[in-house]
Amino acid sequence: LAKTTQPISMDSYEGQEVNITCSHNNIATNDYITWYQQFPSQGPRFIIQGYKTKVTNEVASLFIPADRKSSTLSLPRVSLSDTAVYYCLVGDIGNAGNMLTFGGGTRLMVKP
Amino acid sequence: DVKVTQSSRYLVKRTGEKVFLECVQDMDHENMFWYRQDPGLGLRLIYFSYDVKMKEKGDIPEGYSVSREKKERFSLILESASTNQTSMYLCASSLLAGRYNEQFFGPGTRLTVL
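Going down the list, the protein sequences come from chains B and D. Numbering-wise, the numbering used here comes out as the position in the first sequence, counting from 1, plus 2. Numbering-wise, the numbering used here comes out as the position in the second sequence, counting from 1, plus 262.
Extracted from the complex, chain B is given alone in its bound form (with noise of 0.2 Å):
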């Protein structure tokens, strides 16, 4: 069971770079790495997912060293609308008994 870590928050201000660090030391070889965002009274919602190396899209990027037992989010100068929480998961339900497992969330608040 992989378990994860986060920290539990940070604060950043409008247009800087914000990375956020998730530790997975326990991660399987079938284990992907998906981050979610959410919002007051809202489910999350997906920003990006991958397995090893870098992947970006539209809103995010995503770090995973060879070792996998991390990665790292990357929001490219954030605005006030990116305060949320942010969870990283780690997973896989292609085996019988693999458990999905999201982090405690990193609470983002982002300044003017």
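Read the hints as simulated data drawn from the structure, not as lab findings. Source: prediction; values computed, not measured. C-beta: ideal position from N, C-alpha, C; glycine also. Take the hints with a grain of salt, since some may be wrong.
To be verified - 30 Å max Cα-Cα, derived DSSO-like pairs, lysine-lysine:
hint, chain 1, residue 1, chain 2, residue 2
1, B, Lys-71, D, Lys-265
2, B, Lys-54, D, Lys-319
3, D, Lys-332, D, Lys-319
Claimed, not checked - So the derived label-pair ranges between C-beta atoms look like this:
hint, chain 1, residue 1, chain 2, residue 2, range
4, D, Glu-279, B, Pro-67, 28 to 38 Å
5, D, Pro-369, B, Ser-83, 15 to 25 Å
6, B, Asn-27, D, Met-289, 44 to 54 Å
7, D, Pro-323, B, Lys-56, 16 to 26 Å
8, D, Thr-277, B, Thr-58, 44 to 54 Å
9, D, Asn-346, B, Lys-56, 41 to 51 Å
10, B, Val-57, D, Glu-279, 44 to 54 Å
11, B, Lys-5, D, Glu-279, 26 to 36 Å
12, B, Arg-47, D, Ser-342, 26 to 36 Å
13, D, Met-289, B, Arg-109, 22 to 32 Å
14, D, Leu-303, B, Asn-27, 16 to 26 Å
15, D, Leu-376, B, Asp-69, 43 to 53 Å
16, B, Asp-69, D, Glu-279, 45 to 55 Å
17, D, Pro-323, B, Arg-109, 26 to 36 Å
Since the structure of chain B is provided, determine the placement of chain D on it from the hints.
Then chain D, alone, in the frame of chain B:
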């Protein structure tokens, strides 16, 4: 757009009552999930289902059961509600069976057990 709907946004029940939380998705997804979310604990998986009538226990299945009689509907059942089951309950679905894929979440049901 994928839409995941949950039967209620807010629900208040009494200790010992049987509680049904319903979730419906409209995109023919194979997988469906139930989570609960509590302050400081993030999201914890209760049960998931990868096919009709199939279910797997998550991290915290105790006190809960589930039912998936139709592909689009996944129900969470609290047989005898207790105050420690007061929480936000989130349903999600994802497309493919047998592998992990992007999950689409519903808006959540905030359940209070008195």
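Going down the list of hints, with the structure as the test:
no., hint, result
1, B:Lys-71 with D:Lys-265, "34 Å, violated"
2, B:Lys-54 with D:Lys-319, "28 Å, holds"
3, D:Lys-332 with D:Lys-319, "19 Å, holds"
4, D:Glu-279 with B:Pro-67: 28 to 38 Å, "49 Å, violated"
5, D:Pro-369 with B:Ser-83: 15 to 25 Å, "19 Å, holds"
6, B:Asn-27 with D:Met-289: 44 to 54 Å, "35 Å, violated"
7, D:Pro-323 with B:Lys-56: 16 to 26 Å, "36 Å, violated"
8, D:Thr-277 with B:Thr-58: 44 to 54 Å, "50 Å, holds"
9, D:Asn-346 with B:Lys-56: 41 to 51 Å, "42 Å, holds"
10, B:Val-57 with D:Glu-279: 44 to 54 Å, "45 Å, holds"
11, B:Lys-5 with D:Glu-279: 26 to 36 Å, "34 Å, holds"
12, B:Arg-47 with D:Ser-342: 26 to 36 Å, "34 Å, holds"
13, D:Met-289 with B:Arg-109: 22 to 32 Å, "30 Å, holds"
14, D:Leu-303 with B:Asn-27: 16 to 26 Å, "20 Å, holds"
15, D:Leu-376 with B:Asp-69: 43 to 53 Å, "49 Å, holds"
16, B:Asp-69 with D:Glu-279: 45 to 55 Å, "49 Å, holds"
17, D:Pro-323 with B:Arg-109: 26 to 36 Å, "28 Å, holds"
Hint violations for this structure: numbers 1, 4, 6, 7, all remaining hints satisfied.
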